[in-house]
Amino acid sequence: KRALDSGRYTSWDEWIGALGMARGETKALRRVNKLSAKRLRDIYVKSPIVRPCVDSVAREISHLAWNVKAEKGAFVEPDKLRWLKDFVSRPCATKTFSVVMQEFLHDLLVVGKGVIVKYKNLQGFVREFRAMDSSTFDPIPDEQNLDAIGYQQALVGQSPENVTIFDASEVV
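Here the sequence shown stands for residues 14 to 185, numbered as in the working numbering.
It should be emphasised that the hints constitute simulated quantities derived from the structure, not laboratory data.
Any given hint could be a false lead.
Simulated restraints on C-beta separations [what the hints assert, rightly or not]:
1. P91 x A167: 39 to 49 Å
2. D146 x R103: 18 to 28 Å
3. F138 x K82: 15 to 25 Å
4. I153 x R52: 18 to 28 Å
5. E183 x E90: 20 to 30 Å
Pairs of lysine-lysine residues, derived as PhoX-like cross-links and limited to a Cα-Cα distance of at most 25 Å, are as follows [claimed, not checked]:
6. K108 x K85
7. K108 x K82
8. K47 x K131
9. K131 x K98
10. K108 x K126
11. K131 x K82
Just so you know, even glycine gets a beta-carbon here, dropped at the ideal spot from N, CA and C.
Please take these sequences and the hints and turn them into a complete structure.
If you want it as structure tokens, here you go:
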């Protein structure tokens with residue numbers, strides 16, 4: 014508690030204490046999964062150890078040289094391949110692929126899950142994809158509770174009845 018309130022984690026014991034675990038606790042991983050997204054983001058923001066690690070990994074991976082090419086032996090029309098390369102380089106009007114990937118990786122590393130939403134035009138073609146705040150998304154399970162048939166997004170401050178439903182094919 015002291016480390017969380019002070020805004021800095023200066024040792025492993027303080028960080029573990031902020032997570033609510035005793036030193037050497039064997040159920041540490043199970044307990045981490047019970048932390049809220051807000052708490053995990055607070056730890057990321059306030060920790061001089063966690064934040065640089067997450068930022069470095071997300072930056073390094075997102076800025077790799079991504080290359081779009083046809084599968085070996087497959088024929089793809091040059092115009093379609095050029096269009097796909099352009100689309101991937103700028104997947105939405107305001108962000109590059111590296112920025113979208115970095116946002117996705119931040120959520121994945123901090124919260125433990127990442128979400129990319131595919132937006133389609135009226136003809137059903139994907140025209141844009143964006144990284145979204147994964148803490149606002151929950152899966153809608155199938156009858157056997159094995160697979161997600163869709164996802165619901167509830168934004169902070171919205172009533173529980175006012176959620177956005179996404180088909181499973183719209184969310185990565």
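Each hint, compared with the structure:
1. With their beta carbons about 44 Å apart, P91 and A167 fall inside the hinted range of 39 to 49 Å.
2. Separated by about 21 Å at the C-beta atoms, D146 and R103 satisfy the suggested range of 18 to 28 Å.
3. Against the hinted window of 15 to 25 Å, the Cβ-Cβ separation of F138 and K82 comes to about 21 Å, which satisfies the hint.
4. For the pair I153 and R52, the supplied restraint of 18 to 28 Å holds, since their beta-carbon distance comes to about 25 Å.
5. Separated by about 26 Å at the C-beta atoms, E183 and E90 satisfy the suggested range of 20 to 30 Å.
6. Straight-line distance between C-alpha atoms of K108 and K85 comes to about 30 Å, which puts the hinted pair past the 25 Å bound.
7. As the CA atoms of K108 and K82 are separated by approximately 22 Å, the hinted pair is consistent with the 25 Å bound.
8. In summary, the hint linking K47 to K131 is not supported, as the alpha carbons are separated by about 29 Å, beyond the 25 Å threshold.
9. This hinted pair checks out: K131 and K98 have alpha carbons roughly 17 Å apart, not beyond 25 Å.
10. Proposed proximity of K108 and K126 is supported: the alpha carbons are some 21 Å apart, at most 25 Å.
11. For the given pair, K131 sits about 21 Å from K82 by alpha-carbon distance, which is consistent with the 25 Å threshold.
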